[in-house]
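Can you build the whole structure from these sequences, using the hints too?
Protein chains in written order, with the working numbering: chain A, 6 to 104; chain B, -12 to 489; chain C, 2 to 508.
Accuracy of the hints is not assured; some may be wrong.
Which chain B residues stay away from chain C? Per the calculated CB distances, all over 12 Å, these [as the list claims (entries may be wrong)]:
#: 1; residue: 105
#: 2; residue: 208
#: 3; residue: 382
Examples of chain B residues toward chain A, derived with CB under 10 Å [said to hold, decoys possible]:
#: 4; residue: 16
#: 5; residue: 37
#: 6; residue: 51
#: 7; residue: 52
#: 8; residue: 151
#: 9; residue: 286
#: 10; residue: 297
#: 11; residue: 301
Below are the DSSO-like pairs computed for lysine-lysine, each with C-alpha atoms no more than 27 Å apart in a straight line [claimed, not checked]:
#: 12; chain 1: C; residue 1: 400; chain 2: C; residue 2: 268
#: 13; chain 1: A; residue 1: 19; chain 2: C; residue 2: 96
#: 14; chain 1: A; residue 1: 95; chain 2: B; residue 2: 132
Think of the hints as simulated: they come from the structure by calculation, not from any bench. Quick reminder that beta carbons are idealized off the backbone N, C-alpha and C, glycines included.
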Amino acid sequence: MAGITREDVAHLGKLARIELSEVEIDQLTQQLGDILVAVARVQEVASADVPGTSHPLPLVNVTRPDVIRPSLTNEQALSGAPSSEQERFKVPQILGEEA
Amino acid sequence: MSEPMMDYREVIEKYEPMLGLEVHVELGTNSKMFCGCSTIFGAAPNTQVCPVCLGLPGALPVVNERAIEATILIGLALNCDIAPWCRFARKNYFYPDMPKNFQISQYDEPLCTNGYLDVEFETDEGMQTVRVEIERVHMEEDTGKSLHVGGSTGRIHGADYSLLDYNRAGIPLIEIVTKMVPDTGKYAPEVAKAYVAELRDIVRSLGVSDVKMEQGSLRCDANVSLSPRGSGILGTRSETKNVNSLRSVERAIRSEMQRHGARLAAGQKVHQETRHFHEDTGLTTPGRSKETAEDYRYFPEPDLVPVAPDAAWIEKLRASLPERPSLRRARLKSDWGVPDLEMSAMVNAGVLDLVEATVAQGADPARARGWWLGEIARIANEKEVEANSLPITPEDVARVVELVAAGDLTDKLARQVIEGVISGEGAPDVVIAARGIKVVSDDSELMAAIERAIAAEPAAAEKVRNGILAAAGALIGLVMKETKGQADAAKVRELLLAHLGH
Amino acid sequence: MSDLVTKSATELSSLLATGEVSAVELAQAHFTRIGALDAKVHAFLHLDTEGALAQASRVDKARANGEKLSLLAGIPLALKDVIVQEGVPTTAGSKILEGWRPPYDATITARMKAVGIVILGKTNCDEFAMGSSTENSAYGPTHNPWDLSRIPGGSGGGSSAALAAFFAPLAIGTDTGGSIRQPAAVTGTVGVKPTYGGVSRYGLVAFSSSLDQAGPCARTVLDAALLHETIAGHDPMDATSIDAPVPAVVAAAKMRDVKGMRIGVVKELGGEGYQVGVRQRFDESVALLAELGAEIVEVSCPHFEYALPAYYLIAPSECSSNLARFDAMRFGLRVGDENGRSAEEVMNLTRDAGFGAEVKRRIILGTYALSSGYYDAYYGSAQKVRTLVKRDFEAAYEKVDVLVSPTSPTTAFKIGEKANDPIAMYLNDIATIPVNLAGNGGMSLPCGLAPEDGLPVGFQIISPAMRDDLMYRVGGALEAALNDKWGGSMLSQIPALESALIQGGVA
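See the structure below:
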């Protein structure tokens, strides 16, 4: 099984929006390589006839009625904002394409 | 710098267009998809937000039951299978308008699958029908709104910063995806438009959304690819966003077909990309290109439990489905004895519901149509709004029709009343009273006015006596002037002519 | 040292009820002790003196008015800093949330406030609850009151240390892979992870959504039960919370009777890799339970050896997504917002500056495990192991009422000893993790000091889902029997903190 490469880690850093330094990339490549070997053991028993469990308890259909509940005030909403203007969150220029 | 376009006829000759349409419907629920914040449009920024829809640390989503119901209704109306068990999934990507930097959506387990919608469209040979197959209908949540500040165009490129309002974040969004619609030839744009229009009508008839494209409660992404005619080779598709009206759907598809055609003819590849439609030019431009395709890393949403709609409930919902709009149109057409063209005109002007409601109040169908398609549609066009947003109701129009039928209003006076109602002066009877609108039909009053007119224009009266009936016009005009237009002109003419020996 | 601070919540409750002490006096006594000694322990990240005294005062007034109050009204409590408390700094042990004051209360915070519990402050923890030693806190480690050069366990070392240091009689922790139970074990205190869904997660800063649970921490099993009943129960704001009555844990804690109960010793959780003294104290406790009339059965849970690797795929995957919201846009740290940098650049710089190494490691690992092409091999396979672990538990519970094991393979290790070896660190949770994967309830209570180092050993009891009362029943009985044997609680043997010195090699 192919190990994780530096390029992989650098790419993952981009996907996860973390500006990893070269040193961090090196360290992570090595550490994650070891960890992945250890965790890959799960494949030993993960056969096709075993379904995955995403929730520990078999709950279904938990919903809430379509009723309005009090919202935060504008002040509360913006209270933690690094920057705000005109009652909105102010963020630096967005380069990425609109989703 | 615009891209080359192939002549449309040439495109059709050489290529088979393949269509895909993705429509997002913003539900009109009272509260958001995963929290109790209000969804009312136009509130002050960031006043309809809470820890959940702001994505604050520690907050958790809980599903709105009405959103599930609405999705099932849409799925049933589109002849879909409803999944007996499905889950939500996280779609992970970073964007400032998405507070959690993941969107709760559905991935490989949508609530509704495998449906279809039969769509009618106009061709040279008359109305035709095509079956558009529906791949899936699923639930997700809307994003916040960003306001880009600075920069020369006010669009993203060159903006200095952005301001974010999360009132819209978390509003329920239903995504309806078609399977690829194969070769519809030159009618691809019309088919697309007709599909979106019919889908809109269906969703509106379910009462789950106001589906207003111009307000964003109905959004359409159009996918187009071209396959060389007869080759069986599928082309690369492009996705076009920002298609904000039915007309834009048509134009965007046509424009993309032409653009693809030009590229293929020049031996160039069509890029699989997302493009932005421009209302002003009718053309598309590329969105910002990405170095790598986004990997959304979907996994089942651990904060929500599966949705397993009860079969009996689904059947109850199915039984509650309203009459399909196309069937309703056929029924009305037959009831009213109205040609296709007039039906289309009513649908296009968005007045069909209003006409039907007016008829339900007792008005004659032809008269009802006349007002809505005529005077009222004209005023709506002038004001650049939809007829159903004018402050005049079917009750108002029915009352006017009643008054005209009873002879209490002439057509001319009725038009004044309609204008008055639309101006906000009140209901028809209020307008009539306030403006003192009254048909003068009392014979003695009219005779008195007629005699005064004859006295004022003896020469004209003499001409009429001598058989030059056209001269009556001047006299009638005087009477109308004196009665401030409230006399029934036909009646005046009748009395005048009789008085002058005819 | 004021006697008050060593009392249990139950004892303090009586004193408050009879008026021998007021809630304000009680709070002040604890603040005094904290003020004198927390510099050595570093259990707290923030003390809410004003808020706590105001709450204590309210409780005293209510009592004076003759209002009927909860047993826990006026009792001081230490709250792990991953639980939001309105207006009070909540950092989750991270720089990326430094100074953030939430605009809302977690459901459990609101419930505790409503019964009059006096929240003294927020306790230290591994950053975003990721760790087994509290060394991953961005604000420096917490020291084990038994030996200040050692770790107090993690991720909830601050809460457990606060209890062992007598800074509060009650605490709240959270447990994703053992973060309540393992600190309880190495500090000689009681910690309970309720059945998943038993306690609301609304307001718990998410680490791994399908594994996280908040739970009660205390110095006695009964105290933990009282707190458990206060915080547990259905919450409409948490779709994963159980809509059923809270199991009768207080009654169970008082029963002190295990006659006829079948207690399963898990073969795979013990043996090699477990410190000798840990195994010894565990075996002694099992024997004691047998003396009390329980039937001891050996059970095998063959898939438990895969639980650790599965956990280290599921938890990082979920956390890579849960932590995406920390992007400098709406709250928290923002770095690099000058010189016309883009939002993306600011996000990248902030997250690198604001997250510590372990958090980054798990985010990258989780991003990898979820990425296309790898999902089936990693995350998908881990979810299957989860099913197999659940099945092992279900099969075991056909034969026994509860399962038991040592909580942790070792006693408290030295600060710095395992900090550079992530995998060695992960192994601390080898006995606790299977419980989170399956969603069962788990408790750790003190069962003795290891002979070789004199440090606390924890005894883990695992109950079937939604039967938390069973672990309280066994725990309560064992605790009573052990206290009888020792002639007092184990914590009464803790070296006095006043004279303790922080020893070499510690920041």
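- Close enough to count: is the Cβ of residue 286 of chain B nearer than 10 Å to one in chain A? 8 Å, holds
- Restraint check, 10 Å cut-off on beta carbons, for residue 151 of chain B near chain A: Holds, because the Cβ-Cβ distance from residue 151 of chain B to chain A comes to roughly 4 Å (cut-off 10 Å).
- Task: Verify that the Cβ of residue 208 of chain B lies farther than 12 Å from every Cβ atom of chain C, and report whether the claim holds or is violated.
- Result: 22 Å, holds
- Are the Cα positions of residue 400 of chain C and residue 268 of chain C separated by 27 Å at most? Given pair residue 400 of chain C, residue 268 of chain C holds - Cα atoms ~14 Å apart, limit 27 Å.
- Task: Please work out if residue 95 of chain A and residue 132 of chain B have their alpha carbons no farther apart than 27 Å.
- Result: The given pair, whose Cα atoms are some 12 Å apart, holds under the 27 Å limit.
- Hint check, residue 301 of chain B versus chain A [nearest Cβ-Cβ separation less than 10 Å]: 13 Å, violated
- Message: Would the hint on residue 52 of chain B be counted as holding, given a Cβ-Cβ threshold of 10 Å to chain A?
- Response: With a minimum Cβ separation of about 4 Å from chain A (threshold 10 Å), the hint on residue 52 of chain B holds.
- Item | Supplied contact hint for residue 37 of chain B, tested at 10 Å Cβ to chain A | Since chain A brings a Cβ to about 5 Å from residue 37 of chain B, closer than 10 Å, the hint holds.
- Would the hint on residue 297 of chain B stand, with a C-beta cut-off of 10 Å toward chain A? 8 Å, holds
- Closest CB-CB distance from residue 382 of chain B to chain C, is it above 12 Å? Holds, since 43 Å exceeds 12 Å.
- Item | Hint check, residue 16 of chain B versus chain A [nearest Cβ-Cβ separation less than 10 Å] | 5 Å, holds
- Message: If we take the beta carbon of residue 105 of chain B, is the closest beta carbon in chain C still more than 12 Å away?
- Response: Nearest chain C Cβ is 36 Å from residue 105 of chain B, so the label holds.
In this structure, only the earlier hint numbered 11 is contradicted, and the remaining ones agree with it.
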